[in-house]
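J.: Counting with the working numbering, you get residues 1 to 300 for the letters of the sequence shown.
These aren't lab readings, by the way, just hints derived from the structure by calculation.
Do not take every clue at face value.
FRET-style restraints, in silico, Cβ to Cβ [stated by the list, open to error]:
hint, residue 1, residue 2, range
1, Gly64, Ser38, 40 to 46 Å
2, Pro140, Arg163, 31 to 37 Å
3, Arg94, Gly64, 34 to 40 Å
4, Val254, Arg48, 50 to 56 Å
5, Gly39, Gly103, 34 to 40 Å
6, Ile56, Phe199, 29 to 35 Å
7, Ile144, Val191, 33 to 39 Å
8, Leu67, Ala204, 40 to 46 Å
Because the structure is a prediction, the values reported are computed rather than measured.
We put the CB at the ideal spot given by N, CA and C, even for glycine.
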Amino acid sequence: MQIGVAALLAVASAVFYGLSAVLQQREACRFAGVDGASGLALVGRLARRRGWWAAILASLTAAGLHLLALHAGPLVVVQPVGVSAVAFALLIGRRVNGEPISGRSWAGVACVVVGLPLVLAAVPHGPHGAHPEAAIGLWPAAGILALLVAAAVAAAAVFGHSRPRAAAVCHAIGAALSFGLASGTVKVIMVEGAEPARFALVGAAMLMGVVLAQHAYRDGGLGAPLAVVTLVDPLAAGALGVLVMGEPFGADPVALLLGVAGAVVTSVGVALLAARPEHRPTPVPAVPLSVPTTPPSPGR
């Protein structure tokens, strides 16, 4: 293994993930308050903007670099470095949007960067089939995650416009659960074989994740949604590995205790990031500006 190369690739991946988050947030918040810009309609509007496609390209590049990093070095090196995407996103956002970074924001980033690796250390990553008797199968596990996504969406609807940042965090949780379901199902396909229904599940989960992520970035700014996705996505994928393929939890009591402490610290960081005022680019006008048809009167 080439640990130095793995670390560099992981840093590059984090930079592209941060860039993707900045571009997605920049484009999505243009449609804040625009009638009819929700659900798939929001993604449809974003799909007509080159900046959003640049964000998708950056995300795909980041995913490729992350896979190369995992090929070059161990997960224990690559995963903590990936957390730095939250810090890179704030720095890139300052450059792209011209927004200041407050002390509260830096404190939130520090909490996430310290706490999140402790949580991720407890994510299951053992060999396939270590405890097959514990597996419940893909579809029951997918049903559990789908119910959690539905609960997150329902919570976001309850918060609605009265608490948009809380609603954004709920949307981010739903997006992360969807992405985790997609990546966990891909792993199942790689281990147990391809089936049309499994590919359909990956596509549906990815689409749901993209839709919910745009709502999170639109209403919640940059830091908090990105931190939530970075935390919940691998946890959901790891849970799928335990439930579907019988992977061991892979954490001793000490690591589990540190993981709980890390979750508390990360939650504080998310709260700090969610409280910061975000710069919002000028929204896209819902209707064209009217042009006066009556010429000005003489002498005026």
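J.: Each of the hints needs a verdict: does it hold here or not?
T.: Here's how the hints hold up against the structure:
no.: 1; hint: Gly64 / Ser38: 40 to 46 Å; result: violated, 31 Å
no.: 2; hint: Pro140 / Arg163: 31 to 37 Å; result: holds, 33 Å
no.: 3; hint: Arg94 / Gly64: 34 to 40 Å; result: violated, 26 Å
no.: 4; hint: Val254 / Arg48: 50 to 56 Å; result: holds, 51 Å
no.: 5; hint: Gly39 / Gly103: 34 to 40 Å; result: holds, 37 Å
no.: 6; hint: Ile56 / Phe199: 29 to 35 Å; result: violated, 20 Å
no.: 7; hint: Ile144 / Val191: 33 to 39 Å; result: violated, 20 Å
no.: 8; hint: Leu67 / Ala204: 40 to 46 Å; result: violated, 23 Å
Violation of the numbered hints given earlier is confined to hints 1, 3, 6, 7, 8; the remaining hints are satisfied by the structure.
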